[in-house]
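Enquirer: Letter by letter, the chains look like this.
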Amino acid sequence: MSSIKIELRKEDVDFIKETCSKFNNDPQELINVLHGCQEHFGYLPAEVQEVISEHLNVPVAKVYGVVTFYSFFTMTPKGKHPISICMGTACYVRGGEKVLEEFKKELGIKVGESTKDNKFSLSSLRCVGACGLAPVVLVGDKTYGRVAPDDVKGILKEYE
Amino acid sequence: METVKLTIDNKEIEVPRGTTILKAAKELGIEIPTLCYMDLHDLNIENKPGGCRICVVEVQGRRNLAPTCSTKCEPGMVVKTHTARVLNARRTVMEFILSDHPKDCLICPKSGTCELQDMAHRLGIREIPGQEFAEMSTYRKDTSPSIIRDLDKCIMCRRCETMCNDVQTVGALSAFNRGFQAAVGPAFEQNLEYSSCTYCGQCVAVCPTGALTEVNHVPQVLKALNDPTKTVVVQTAPAVRAALGEEFGMEPGTLVTGKMTAALRALGFDYVFDTDFAADLTIMEEGTELLDRLSRHLKGDKTARIPILTSCCPGWVNFFEYYYSDMKDVPSTAKSPQQMFGAIAKSYFAEKIGINRKDMVVVSIMPCLAKKYECQRDEFSVDGNPDVDFSISTRELATFIKQANIDIRNLHDEEFDSPLGESTGAGVIFGNTGGVIEAACRTAYEIFTGKKLERLEFTELRGMEGVRSATLDFDGTPIKIGIAHGLGNARKLLDDVKNGKSEFTAIEVMACPGGCIGCGGQPLHHGNSDIIKARAAAIYTEDRKKPLRKSHENPFIIKLYEEFLGKPGSEKSHHLLHTHYFDRKDKILVKK
Chain D
1 MSSIKIELRK EDVDFIKETC SKFNNDPQEL INVLHGCQEH FGYLPAEVQE
51 VISEHLNVPV AKVYGVVTFY SFFTMTPKGK HPISICMGTA CYVRGGEKVL
101 EEFKKELGIK VGESTKDNKF SLSSLRCVGA CGLAPVVLVG DKTYGRVAPD
151 DVKGILKEYE
Chain Z
161 METVKLTIDN KEIEVPRGTT ILKAAKELGI EIPTLCYMDL HDLNIENKPG
211 GCRICVVEVQ GRRNLAPTCS TKCEPGMVVK THTARVLNAR RTVMEFILSD
261 HPKDCLICPK SGTCELQDMA HRLGIREIPG QEFAEMSTYR KDTSPSIIRD
311 LDKCIMCRRC ETMCNDVQTV GALSAFNRGF QAAVGPAFEQ NLEYSSCTYC
361 GQCVAVCPTG ALTEVNHVPQ VLKALNDPTK TVVVQTAPAV RAALGEEFGM
411 EPGTLVTGKM TAALRALGFD YVFDTDFAAD LTIMEEGTEL LDRLSRHLKG
461 DKTARIPILT SCCPGWVNFF EYYYSDMKDV PSTAKSPQQM FGAIAKSYFA
511 EKIGINRKDM VVVSIMPCLA KKYECQRDEF SVDGNPDVDF SISTRELATF
561 IKQANIDIRN LHDEEFDSPL GESTGAGVIF GNTGGVIEAA CRTAYEIFTG
611 KKLERLEFTE LRGMEGVRSA TLDFDGTPIK IGIAHGLGNA RKLLDDVKNG
661 KSEFTAIEVM ACPGGCIGCG GQPLHHGNSD IIKARAAAIY TEDRKKPLRK
711 SHENPFIIKL YEEFLGKPGS EKSHHLLHTH YFDRKDKILV KK
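Residue numbers (the numbering used here), protein chains in the order written: chain D, 1 to 160; chain Z, 161 to 752.
Do not rely on the hints blindly, as some may be mistaken.
As the list claims (entries may be wrong) - Using 25 angstroms as the maximum straight-line C-alpha spacing, the simulated BS3-like pairs for lysine-lysine come out as follows:
{"#": "1", "chain 1": "Z", "residue 1": "301", "chain 2": "D", "residue 2": "10"}
{"#": "2", "chain 1": "Z", "residue 1": "512", "chain 2": "Z", "residue 2": "719"}
{"#": "3", "chain 1": "Z", "residue 1": "658", "chain 2": "D", "residue 2": "17"}
{"#": "4", "chain 1": "Z", "residue 1": "301", "chain 2": "Z", "residue 2": "263"}
{"#": "5", "chain 1": "D", "residue 1": "17", "chain 2": "Z", "residue 2": "171"}
{"#": "6", "chain 1": "Z", "residue 1": "240", "chain 2": "Z", "residue 2": "183"}
{"#": "7", "chain 1": "D", "residue 1": "119", "chain 2": "D", "residue 2": "153"}
{"#": "8", "chain 1": "Z", "residue 1": "710", "chain 2": "Z", "residue 2": "727"}
{"#": "9", "chain 1": "Z", "residue 1": "263", "chain 2": "Z", "residue 2": "171"}
No wet-lab data here; the hints were simulated from the structure.
Hey, can you work out the whole structure from these sequences and the hints?
Expert: Following this line, the structure appears as structure tokens:
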């Protein structure tokens, strides 16, 4: 689980409440409420899950169960520059994994984590529809094609 | 009723529409093996996630194998339950389940009573192909005051989740993560202590493997028994005598009161007493409180809260301290029998035999796991010395007796020691759902009306229905009684109280289905609710055998008040026998 703790401000709590009531506080709408909250907060820290649990009347253990079941939901905030490395078939066979390993080494984090200064976060995904450019790396909205492990340092430098 | 006809293993059968293949086969006497599935029929509890796939069969015309626990019978179905394809599939499924399961059966607390072990044996698994490449689950152990969670042994049957959420509505446990990381636990994978867990132990009662077990306190008890400076006193809860025999191969429902007493004496306890004595005492205190509240209420006193709720069950206390903490003034302030016993043993009885309370060790034998937590609560100790030192479950006592090579089956019946071993039938029925309130009514009727109660058995209060109610006639005053067992059922009654809609005078709640006889520390029922019913019947038999069946007629209770406490509800009684409640919700959730 995430060890990150946040203090929810009143407007944060109000936002969660509103999101829940938009879905009639219906426990069946848990996933939709989680989507709404993740879009707003960028992630789903424990504190947010607790407020959702209270308003949808779903045990917080169940909320956590759903959050950890679906890989789309995350309890870790994304970095300022989220890095995604494509692990789709084309990118994989053209060395995507080695590129990923290099990012892990350079940043000192694992997939799903953020750097201590919250500047970068690392994730892997399956195919961005640019197989001709394999292996592909995304940093925020920017796409890098035909990335080799040696290019990693240079890419990171652009964001310093 | 609409029915469907089908064939299972060449035998024809007609069943009501909606019946599963598993149940239809059972009617034909065909026992299809199941693992995750559990059906406690009389208690209306069923777990059928269709997850383990052990119960698969071949259905003619169907491409894949069908899990019988969750596949309904269709007209004209042709089912084969033991073709080569079925047997191979079951074996493969079992091999997969075992591939990431620890192989430490020799030292597992569930060894011998493990359903996974039994199934591996039944299916004749002798090797696990590809074991050397298998990824093993490595989840940390979590030890709470009552329950140990060892999630490496979890097979994701989801029975505990069903009990915790659907039956008990406690909501402490849920499945999380996926694949090899998947397990069941509290939110944010915190320890049970930081969840809404009530320690009712129903998760432990249904866990098929060693993933959920009780904390073992036998070593501490053994140490106390071997300490010559300690006087070790034991008390046994009513439900234990109706179930302990099962651990020694006796029929469910066999009463072993006398043999249990003999075994405890053989183990070396200095005084073998009975929690039933304290149950009688509870009736005196709780009954007095009920009558006091009732008569003030009838006179129009708005501060007298009605209904009164029983407070004997620690799982139930934990539940309302979490979910209904704004209603802390509704339950009776009377301590549970376990704690009343401890308080009296370490004051009145310690004085009588001339020892300091610090030199006395009080051990309780309980069907319950929440009792382990209860006896550790700060308010139940004096200067750090607890009123009850250790609480061990029926199962732990059975292991202890086996370890000590005591042949309980051939022991001669012995009597409890006096004075804290003397009890009435009213104390005995505390073990069954409806029993506490029936015992209370036997005494309350006579005190309230001043008349002798002619019909002792309030059969209208008995049964296995989750929520029951009855109106008793107290000589013209109607007394409306509500009873719930299982915390989900209790919630229904509590919500009415909260919303001011409850019409009851008194409500009895027991956290576990069936009452104490169905508690989490009892011999495992393995999904057979007939066992629970047999224990209930045994409890009522024990009551009928008692010469005295009303708590206020217990001569040793009368003497205790004369010599020591004064009268029920006295200052001394309040000090020793009553308690107060807390808001538990603040302490938990995200560990700050």
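Enquirer: Hint by hint, note whether the structure agrees.
Expert: Structure-based check of all given hints:
| no. | hint | result |
| --- | --- | --- |
| 1 | Z:301 to D:10 | violated, 37 angstroms |
| 2 | Z:512 to Z:719 | holds, 13 angstroms |
| 3 | Z:658 to D:17 | holds, 24 angstroms |
| 4 | Z:301 to Z:263 | holds, 16 angstroms |
| 5 | D:17 to Z:171 | violated, 58 angstroms |
| 6 | Z:240 to Z:183 | holds, 14 angstroms |
| 7 | D:119 to D:153 | holds, 15 angstroms |
| 8 | Z:710 to Z:727 | holds, 17 angstroms |
| 9 | Z:263 to Z:171 | violated, 40 angstroms |
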